[in-house]
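Chains as they are written, first to last, in this note's numbering: chain A, 1 to 164; chain B, 1001 to 1166.
No wet-lab data here; the hints were simulated from the structure.
Just to be clear, a hint being listed does not mean it is correct.
Stated by the list, open to error - Dumping the calculated DSBU-like pairs for lysine-lysine here, alpha-carbon to alpha-carbon at most 35 Å:
1. A/Lys121 with B/Lys1162
2. B/Lys1131 with B/Lys1066
3. A/Lys128 with B/Lys1162
4. B/Lys1103 with A/Lys122
5. A/Lys52 with B/Lys1157
6. B/Lys1162 with A/Lys52
7. B/Lys1103 with B/Lys1157
8. B/Lys1131 with B/Lys1157
9. B/Lys1163 with A/Lys122
10. A/Lys128 with A/Lys52
11. B/Lys1092 with A/Lys122
12. A/Lys128 with B/Lys1163
13. A/Lys122 with B/Lys1162
14. B/Lys1157 with A/Lys122
15. B/Lys1092 with B/Lys1103
16. B/Lys1103 with B/Lys1131
17. B/Lys1066 with A/Lys121
18. B/Lys1066 with B/Lys1103
19. B/Lys1163 with A/Lys52
20. A/Lys128 with B/Lys1131
21. B/Lys1066 with A/Lys128
22. A/Lys121 with B/Lys1157
23. B/Lys1066 with A/Lys122
24. B/Lys1066 with B/Lys1092
25. A/Lys128 with B/Lys1157
26. B/Lys1066 with A/Lys52
27. A/Lys52 with A/Lys122
28. A/Lys52 with A/Lys121
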Amino acid sequence: MDTARAQDVCDIEHLLTEYCHRVDRGSAAEVAELFTEDATLVPEFDGDYEVKGDSEIQRFFDHYHTHFRANVRHLQHMTTTSRIQVSAGVASAHSYLLATFVDGESGAAMTVTGTYIDALKKEGQDWKFLRRAIRVHFVTSNIEVVEQLEPMGFDPEAGPEGKN
Amino acid sequence: MAPDSEIICQLKQQIVDSWHDHDGGTPAEAARHYAEEARLNPVFDDSGALEGEEQIRAWFAFQRQKFSAEDRWDFQHRVIGSQFQLQGQWVKSRQQLLTTGQKRQQDGRIRTFMVPGHGSDVWISIDGVWKILSRTIEVDFAFYRDPASMNPLGFLKSSNDKKEEH
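Just chain A, same shape as in the assembly (with noise of 0.2 Å):
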């Protein structure tokens, strides 16, 4: 792998980690700005379509964030094992998907598994989605759900000895 290629699974790497943050916390602009102008969204979790352009992909992830995202708390997109391949310009990625929250309404814990089919186009200095499919192997949820951890009760005055 020469240091041209290196830097470009690099940065990748970070376009699909930008990615789950921005889809966790982001606005869905954010989240579109990282999709090509006319790139796929292939959401094949949610039915048998496809979501094309960046304007309607923006309409997507505000109808996520309104109907999905806003019903849970501490969502969070984890991407990893991301099998990157680049040529010219363009990269393919798979990448295993998992996604951790709390449904809003029943207080279980829910998690997600699934993977991420990505087809890649650098524009500029900036590598984008050119068409993303997200499939959802299994989701499992557990009732039992400690969102406040309790604390381990540290004296930060007691001293390196513990003592006073």
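With chain A fixed as given, assemble chain B onto it according to the hints.
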């Protein structure tokens, strides 16, 4: 990018490749990442350490036969938090692993599973190609749940409603 960083970047991709093939590749694809004299030690299994690429390929073939696509699916080893030690032609690496998937129990019930664990590798550069010289896979614990359902987002319906309005 410093030479060590380039090696680590390349190895990270090879480690990822090896786990993707471990999860979903053919036995030959899964075994191709190992050096001819490699050692694979799946500590969670009672089959003991496997010696040589041939035996490793046979182990992957056995595993795929034992757990067919009807019995276990969506198998994914998530590689998280890789640590590297470069030693000339050799690189030691250690990864945290989170394995997930679904399985059908003998009574037909479908369960999801999550298995935290870790992997320790030694990679060797042979004629400029990195291969696994040894890999140890250890499981910390496993937990099982029932699959749950997710409410549809309804984006398609909202798009259709929007069209009808116009």
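Quick rundown of the hints versus the structure:
1. Our distance criterion of 35 Å between C-alpha atoms is met by A/Lys121 and B/Lys1162, whose separation comes to about 31 Å.
2. A hinted pair counts as satisfied when its Cα atoms are at most 35 Å apart, and B/Lys1131 with B/Lys1066 qualifies at roughly 27 Å.
3. Taking the CA atoms of A/Lys128 and B/Lys1162, the gap is about 28 Å. The hint holds against a cut of 35 Å.
4. Distance restraint check for B/Lys1103 and A/Lys122: the Cα-Cα separation of roughly 39 Å exceeds the 35 Å cut-off, and the hinted pair is therefore not satisfied.
5. Restraint check for A/Lys52 and B/Lys1157: the C-alpha separation of about 16 Å stays at or below 35 Å, so the hint holds.
6. For a cut-off of 35 Å, the pair hint linking B/Lys1162 to A/Lys52 stands: about 16 Å separates their Cα positions.
7. With a CA separation close to 33 Å, the supplied pair B/Lys1103 and B/Lys1157 stays within the 35 Å bound.
8. Annotation: proposed proximity of B/Lys1131 to B/Lys1157 is violated, straight-line Cα distance about 50 Å (limit 35 Å).
9. Note on B/Lys1163 and A/Lys122: the hinted pairing holds, with a Cα-Cα distance of about 34 Å set against a maximum of 35 Å.
10. Only pairs whose Cα atoms come within 35 Å are accepted, and A/Lys128 paired with A/Lys52 is accepted, the gap being roughly 15 Å.
11. For a cut-off of 35 Å, the pair hint linking B/Lys1092 to A/Lys122 stands: about 33 Å separates their Cα positions.
12. In summary, the hint linking A/Lys128 to B/Lys1163 is supported, as the alpha carbons are separated by about 29 Å, within the 35 Å threshold.
13. For the hint pairing A/Lys122 with B/Lys1162, the CA-to-CA distance comes to about 33 Å; that is within 35 Å, so the pair holds.
14. Pair hint B/Lys1157 plus A/Lys122 holds up; C-alpha atoms about 33 Å apart against a cutoff of 35 Å.
15. Between B/Lys1092 and B/Lys1103, the direct Cα distance comes to roughly 33 Å. Compliance with the 35 Å bound is thereby established for this hinted pair.
16. A C-alpha spacing of about 31 Å is found between B/Lys1103 and B/Lys1131, which places the hinted pair at or below 35 Å, so the restraint holds.
17. A distance of roughly 40 Å separates the Cα atoms of B/Lys1066 and A/Lys121; the hinted pair therefore is violated under the 35 Å criterion.
18. Using a Cα cut-off of 35 Å, the hinted pair B/Lys1066 and B/Lys1103 holds, with the two alpha carbons roughly 12 Å apart.
19. Proposed proximity of B/Lys1163 and A/Lys52 is supported: the alpha carbons are some 15 Å apart, at most 35 Å.
20. Between A/Lys128 and B/Lys1131 the alpha-carbon distance is near 31 Å, which keeps this suggested pair within the 35 Å criterion.
21. In summary, the hint linking B/Lys1066 to A/Lys128 is not supported, as the alpha carbons are separated by about 41 Å, beyond the 35 Å threshold.
22. For the hint pairing A/Lys121 with B/Lys1157, the CA-to-CA distance comes to about 30 Å; that is within 35 Å, so the pair holds.
23. For the given pair, B/Lys1066 sits about 43 Å from A/Lys122 by alpha-carbon distance, which is inconsistent with the 35 Å threshold.
24. For a cut-off of 35 Å, the pair hint linking B/Lys1066 to B/Lys1092 stands: about 31 Å separates their Cα positions.
25. Our distance criterion of 35 Å between C-alpha atoms is met by A/Lys128 and B/Lys1157, whose separation comes to about 28 Å.
26. Under the criterion of a C-alpha separation no larger than 35 Å, the hint pairing B/Lys1066 with A/Lys52 is inconsistent with the structure, at around 42 Å.
27. Note on A/Lys52 and A/Lys122: the hinted pairing holds, with a Cα-Cα distance of about 19 Å set against a maximum of 35 Å.
28. A distance of roughly 16 Å separates the Cα atoms of A/Lys52 and A/Lys121; the hinted pair therefore holds under the 35 Å criterion.
The structure does not agree with the numbered hints 4, 8, 17, 21, 23, 26 stated previously, though it agrees with the rest.
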